[in-house]
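Chemist: Quick mapping for you: the protein sequence lines, in order, are chains H and P. Mapping of the first sequence onto numbering that gives the first Met the number 0: position 14 corresponds to residue 13, and the numbering continues sequentially without gaps. Mapping of the second sequence onto numbering that gives the first Met the number 0: position 229 corresponds to residue 228, and the numbering continues sequentially without gaps.
Don't read these hints as lab results, they were simulated from the structure. These numbers come from a predicted model, not from an experiment. Careful: at least some of the hints might be erroneous.
[As the list claims (entries may be wrong)] So, partial list: chain H residues that the calculated Cβ filter (under 10 Å) puts toward chain P:
id, residue
1, 51
2, 70
3, 151
4, 177
Cβ atoms here follow ideal geometry from the backbone N, Cα and C, with glycine treated the same way.
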Amino acid sequence: MNAILVRDLVVRYSARVTALNGVTLSVDTGVALGVVGPNGSGKSTLLKSIAGLIQPTSGEVFVFGKPPRKLERGAIGYVPQIEDVDWSFPASVRDVVAMGRFPRMKTFSQFGAHDRAAVDEALAALKLGDLCNRHISELSGGQQQRTFVARALAQEPRLLLLDEPTTGVDAETEEALLHIVRGLVQDGLPVVMTTHDLDRAPEWFDRLIVVDHKVLADGDPETVLASGSYAAIREHTHTHGHTRTTP
Amino acid sequence: MDVLTAPFAFEFMQRAFVAALIVGALCSTMGTYVVLRKLSFIGDGIAHASFAGIVIAYLRGFNYAFGAAIVAVITALGIGFVHRRGKISLDTSIGVLFTGAFAVGIFLMSRSQRYSVDLEGFLFGNILGVSRDDLIIVCILAAIVVLCVAVLYRPLLYTSFDPVVAQASGINAAFVDYVLLVLLALTIIISLQSVGIVLVAALLVTPAAAAAQLTRRFVPMLVLSGAIGTFCSVGGLYLSYYLSSASGATIVILATLIFFAALALRRRSA
Numbered sequence: 000m001n002a003i004l005v006r007d008l009v010v011r012y013s014a015r016v017t018a019l020n021g022v023t024l025s026v027d028t029g030v031a032l033g034v035v036g037p038n039g040s041g042k043s044t045l046l047k048s049i050a051g052l053i054q055p056t057s058g059e060v061f062v063f064g065k066p067p068r069k070l071e072r073g074a075i076g077y078v079p080q081i082e083d084v085d086w087s088f089p090a091s092v093r094d095v096v097a098m099g100r101f102p103r104m105k106t107f108s109q110f111g112a113h114d115r116a117a118v119d120e121a122l123a124a125l126k127l128g129d130l131c132n133r134h135i136s137e138l139s140g141g142q143q144q145r146t147f148v149a150r151a152l153a154q155e156p157r158l159l160l161l162d163e164p165t166t167g168v169d170a171e172t173e174e175a176l177l178h179i180v181r182g183l184v185q186d187g188l189p190v191v192m193t194t195h196d197l198d199r200a201p202e203w204f205d206r207l208i209v210v211d212h213k214v215l216a217d218g219d220p221e222t223v224l225a226s227g228s229y230a231a232i233r234e235h236t237h238t239h240g241h242t243r244t245t246p
Numbered sequence: 000m001d002v003l004t005a006p007f008a009f010e011f012m013q014r015a016f017v018a019a020l021i022v023g024a025l026c027s028t029m030g031t032y033v034v035l036r037k038l039s040f041i042g043d044g045i046a047h048a049s050f051a052g053i054v055i056a057y058l059r060g061f062n063y064a065f066g067a068a069i070v071a072v073i074t075a076l077g078i079g080f081v082h083r084r085g086k087i088s089l090d091t092s093i094g095v096l097f098t099g100a101f102a103v104g105i106f107l108m109s110r111s112q113r114y115s116v117d118l119e120g121f122l123f124g125n126i127l128g129v130s131r132d133d134l135i136i137v138c139i140l141a142a143i144v145v146l147c148v149a150v151l152y153r154p155l156l157y158t159s160f161d162p163v164v165a166q167a168s169g170i171n172a173a174f175v176d177y178v179l180l181v182l183l184a185l186t187i188i189i190s191l192q193s194v195g196i197v198l199v200a201a202l203l204v205t206p207a208a209a210a211a212q213l214t215r216r217f218v219p220m221l222v223l224s225g226a227i228g229t230f231c232s233v234g235g236l237y238l239s240y241y242l243s244s245a246s247g248a249t250i251v252i253l254a255t256l257i258f259f260a261a262l263a264l265r266r267r268s269a
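Just chain H, with the same shape it has in the complex (with noise of 0.2 Å):
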């Protein structure tokens, strides 16, 4: 069975802005696929709607056969671009990672032993056990991705979908990320990402498509880089300033 599969996904946020134009893909578990393209061409827009935080406007998207939103609580782990939320809010490090857990308690269950060993396991991979008493706010951009990464670990996700994870990160950060997606999809979990970074795109993933309102190239990395077909789409937004969604 496909982990993902998106048929004819349309994502349109009004009449003038079409994030996504008729988007068929599906991903097998224990594959890594990276999701590159150009700002504002529909990467993160993508992203959401496989964790079902976005209704498609037309189209399909099923997570191990269901909509996502129909899937069990936990399923679904997804690691947002880090300023998204507010870092002054009451939390340390251990605080955050611990809310992974939640979607996976039930309502009046303690925080048992195998709560607490995902969380620590967790840290533990993300390299924070030493920032983990931490205030969230005191941590450096690297530091707060990895919490975040290690959020969605502890919740022991059957998909781990992130959102552009080493943009602005440090070297030891994206070491860290890339020895835990390669060991995530050794382990048979399909993860989804998107990146800027096209040169080491071989490295992280198994497959790569390149996104710009659709699927313009898919296959292994090395092929699709090879292809130019990212190239011609950075040589448009070059040249326009911007890129434009195809009619």
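With chain H fixed as given, assemble chain P onto it according to the hints.
Modeler: Okay, now just chain P, sitting in the frame of chain H:
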């Protein structure tokens, strides 16, 4: 010891103390969510909106508190709906709906020839005039609010920090938001009768804001906010007894002083 027990010689003072204790603890605990979700305006908003309910209840001849509660809950749901569906910021949504509902109240009142509801009493409340029946209603509603917060504790916390990721992980963030708004509406209505609009607005914001200066963890903030709110309402009532001052105003002044003390403490330790 006499200093502490003297006010209890009067039965109305006993009731006032119980009301202050419950309202103080409830408002300030719920205030943690109000402050963290940046809803400081909501106390004032829902309290004013419920005025329409009181006028309607008066004109139709049913219980004022019931009328106020119905309109407060409808307004709270409306605020959530306009915010979500209209993609309008919460503070704007609160601003539009509360003034709208308040105006409906004034409109209905102005059209009625026989109107004689004590608007001032409604706006400023009278903790010394709390009846035994009022107290029972306060207790029941407070218990409902506490129970709902206990059941939804984790979803409430998660959606307060990161509603988007909470939603992606399968938590129904919209449902949690609506429940919180309804719980806030109930809290505000419970408190309104005994302490009035200004005190509700203050108790929903000031103790939590003070607690936020003293701790950077959620549970300590929740507990500390509740403790500060309880201390201020009971302590303020004592003070007002001995100073012969207005009880509501004394409570608010005490809470404000504690907020500035907490702010100074944080700045010294920083």
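Chemist: Determine for every hint whether it applies to the structure shown.
Modeler: Here's how the hints hold up against the structure:
1. Because the beta carbon of residue 51 of chain H sits about 7 Å from the nearest beta carbon in chain P, less than 10 Å, this interface hint is met.
2. For residue 70 of chain H, the interface hint holds, since its Cβ comes within 10 Å of a Cβ in chain P; the closest pair sits about 7 Å apart.
3. The beta carbon of residue 151 of chain H comes within 8 Å of a beta carbon in chain P, closer than 10 Å, and the hint placing it at the interface holds.
4. Interface restraint check for residue 177 of chain H: the shortest CB-CB distance to chain P comes to about 22 Å, outside 10 Å, so the restraint is violated.
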